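The lines below spell out each chain.
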Amino acid sequence: MSDVSIRTRINGEEWTGAVEPRLLLSDFLRGNLGLTGTHVGCEHGVCGACTVRFDGDPVRACLMFAVQIDGHEIETVEGLSPAAGTDLRIADLHPIQRAFHETHGLQCGFCTPGILMTVASFLERNPKPSDREIREAISGHLCRCTGYHNIVAAVARAAELLTEVEA
Amino acid sequence: MSDRRRWIGERVPRIEDARLLTGRAPFVDDWEPPGTLHVAFVRSNLPHAKILDIDTAAAAAHPGVAAIYTAEDLGALCCPGPVLVPPPPIEGAIFHARTPLPLAREIVRHQGEPLAMIVADSRYIAEDAAALVSVDLDALDAVVDLSTALNEGAPLVHSDLGSNLAAHVRQTKGDYEAAKSAADRVVARRFRYDRGVAAAIENRGVLAEWDARADRLRVWDTTQAPIPIRAAIASTLGLSEAQVRVIAPFIGGGFGPKVMFYAEEILIPWVAMQLGRPVKWIEDRYENFFATTQEREQLHESELALTEDGRILGVRDHFLHDSGAYDPYGLTVPINSQCTLLGPYRIPNYESEFRVVFTNKPMVTPVRGAGRQHGVFVMERLLDIAAKELGLDRLDIRAKNLLDPDEFPHNHEIIYQDSAPLTYDSGNYAPALAEAARLIGYHDFENERRAAAADGKRIGLGIVNYVEGTGIGPYEGARITVEPSGKVRAATGVGTQGQGHFTAFAQVVAEAVGVNPADVRIVTGDTSEFHWGTGTFASRGAVVAGNAFGAAAQAVREKILAHASEALEVSEEDLELVDGTARVRGAPDVSIALGELARRANPLRGAVKPGTEPGLEATSYFGPERGTTANGVHALIVAVDPETAMVDILRYVVVHDCGTVINPMIVEGQIHGGVALGIGNAFYEELTFDEFGGTTNASFMDYLLPTATDVPAIETAHMVTPSPLNPMGTKGVGEAGAIPVAAAFVQAVEDALREVAPTLELVDIPLSPGRLFEALQDAGEEA
Ligand code: FES
Ligand code: FES
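For the record, the sequence lines run as chains C and R.
Mapped onto the numbering used here, the consecutive letters of the first sequence carry residue numbers 1 to 167.
Mapped onto the numbering used here, the consecutive letters of the second sequence carry residue numbers 1001 to 1783.
The set of hints was computed from the structure by calculation and includes no laboratory data.
Mixed in with the good hints there might be a few duds.
Stated by the list, open to error - Examples of chain R residues lying across from chain C (beta carbon under 8 angstroms, computed):
(1) Ile1251
(2) Asp1284
(3) Glu1287
(4) Met1701
(5) Ile1714
Stated by the list, open to error - Okay, the calculated beta carbon distance ranges per label pair:
(6) R:Asp1589 to C:Lys128: 47 to 55 angstroms
(7) R:Glu1448 to C:Glu136: 51 to 59 angstroms
(8) C:Ala18 to R:Pro1603: 53 to 61 angstroms
A quick note: this is a predicted structure, and the numbers were derived from the prediction, not measured.
For glycine and all other residues, C-beta sits at the position ideal for the given N, C-alpha and C.
Model the full structure from these sequences, guided by the hints.
Now the structure itself:
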């Protein structure tokens, strides 16, 4: 099958080009665009590692084709804190990223980018979540390292930091 | 030493986080040199079969396919892999080594064994071509059931052996028979532990690039042990070790299976050399259920002999251990089970015998816990049952048998996995048990139970002990260099899979040389940076590599002091190392920066004193004489619905003692993760097989990992009994969280159901809701 042209915005930047119709969104982001912060852990929609934001909502990039983002906007972990330059400083990161750092919300970090994207959307909708709501919000993500304990703490802390930013 | 700002013991946030949180930390699959070819494997659908024919013609003709290989095409490469861990020298032990070929020839012995390797322009094309390979297999009867695998007439996994026995080991201490005849009570039961997978969220992967001009091979590999992998690649491919660089960059979780040496780790570099192109293989999740090693099927027949008042006189344990189709990892897992069973208890007589069995299932090698949880499960269950039969309190029966602090070092008179006698270095067990009982509210629990019952809820409590042999040898090393910038660079050979090594090791270095941990750049898992060492396994990183860093840091400190004393013309005793400078005590203005000292220690012209080494650098090694023994207690409260058999964990408490703690935040994280994995093993995760040996739940849809709603908040408390076996006093913790969960979990569930099903005895793990439901039915019928 011949390639299909698409036009999209990725992390705020316009992208136009042609892709193979069967190319997964996850492979497109990682392979074609070099946005390797989006990880792939299962390729069947369960682990959540590949989660990106599609017009602001979290989606599993391994369950979508690249052609489906034509006319839509995608945000990946690389777009979370564009201010962070080569000299990476925690202070320059997004409040959600800072919260994960403060609370030790990541270990191997493989599941983390996907979780950050889900949390970004979740906290927009629910800025003051309860512990139960946080657990439910991240229950679509598998993490084998942290036991979720510190991820829950990280999300609660992120909610605090985000409210401080707004205040 | 009063100048030292204490970094060891501080909750220093992790230095590696920024790169991981921004998606910049590179994992193996994030590398892709231009022109990379991609590999897909054709794997056997059948667990046991004769290979009649593999026809690759159609696949080879598919556009974009660069090469296809079957066993016949591998030449000398197609020989059995090495035995990675030779069995310890135990008198009378039998061990038959059988290791897999890189690609199967003539016979396949487990589902997923690789038959052909396809190399193509993209993974998509490689998989298209894989579908075009036609494989003709003649199914053979498979060995599936562990309990009957040694029976006369059972099908044979390795026909040349004449039986499915892979190993037989018997170890004894004292005289169990005599103890039994002196006992007031003997409790005998059978226990079963089923299979599961490690399920690191990152699958395995290898990328290899042959640089013909430099005559060098570069390999990126998701391994926990880059240095042994380099040695194996070099010797198999006929290269000098200096020509091979193995890089284990960021790894998305290890948990044991990534310490194995797999056929793909040879095949991918070999193909890269054959084709002169970079070649990459990334395992997919389905493959991971077959191609990556697993754990932990065992069947135990066990006995506990006691006095009327609950004193242990002896234990007998006979068990079968499922090795899967091959046994490249020797006896590590069953020996861990055998040795860990003794736990923190005084057990004067022990008779333990196991048989390792070949079956037509994927290979078994250590997965977090590595056989230790079986031992803990058996011992703790026996104590629970004995307490019930003797009418004793389950806390009392445990407390009564704990080793006292003055009984250390305690030699158990049997051989451990590191080939040394199993000897506990130090421990203070009674306070840990008491603390856990206090934190979980053991003594007030009957009130809590009544209050819950009034709400129509059935709650139960579980509390168990464990020990964990950690920090075994042989050795690790570290090199530390102060750079002219004043920053410190430090390297070790162990790989890292999320344990916070970049931070914990930096703390050790920072404390000795008087800098901030943020100014210490740790490099792990790159053989071009450090090429001595064995790897990250057996909860040994913080102990063995940690102490190597400690020794190297001390040596660098001495060099700094010597140079500074010369530069400032004061005696070394009058100097302190603070904030990246060496300065005079009481006269902080008289100082010199470490960077300046580094420059002076490496002059470009002039003369140096004969016999001195350039630079502020030191390399040290640490090899413990034997492993350290960490310990702890897990306690939990569950609510069980007897109608649906659903279990809800209400509270979870861990009291643990891993000696000196470098970074409590990281240690707690290790425990949280271990407990979650343990909860999965105890209740959700069971790899199931059909009667022909095929896996029936090889996906994350069907094989259930615990999620955030299944795992409770975990309360932790630290006790510190330093190890006398290393200067820092550390013990390992990497696996501790996972080890006792199943034992604690079933005790709590039984306790919750004690009125509904007083005869209920849970002896099988994992205890899925389905299994619990059936056990409840059975208990109901008996009653
Ligand atoms: S990789 Fe997409 S959900 Fe697992
Ligand atoms: S941090 Fe390793 S999988 Fe979540």
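Which numbered hints does this structure break?
Violated hints (numbers, rising): 3 and 7; every other hint is consistent with the structure.
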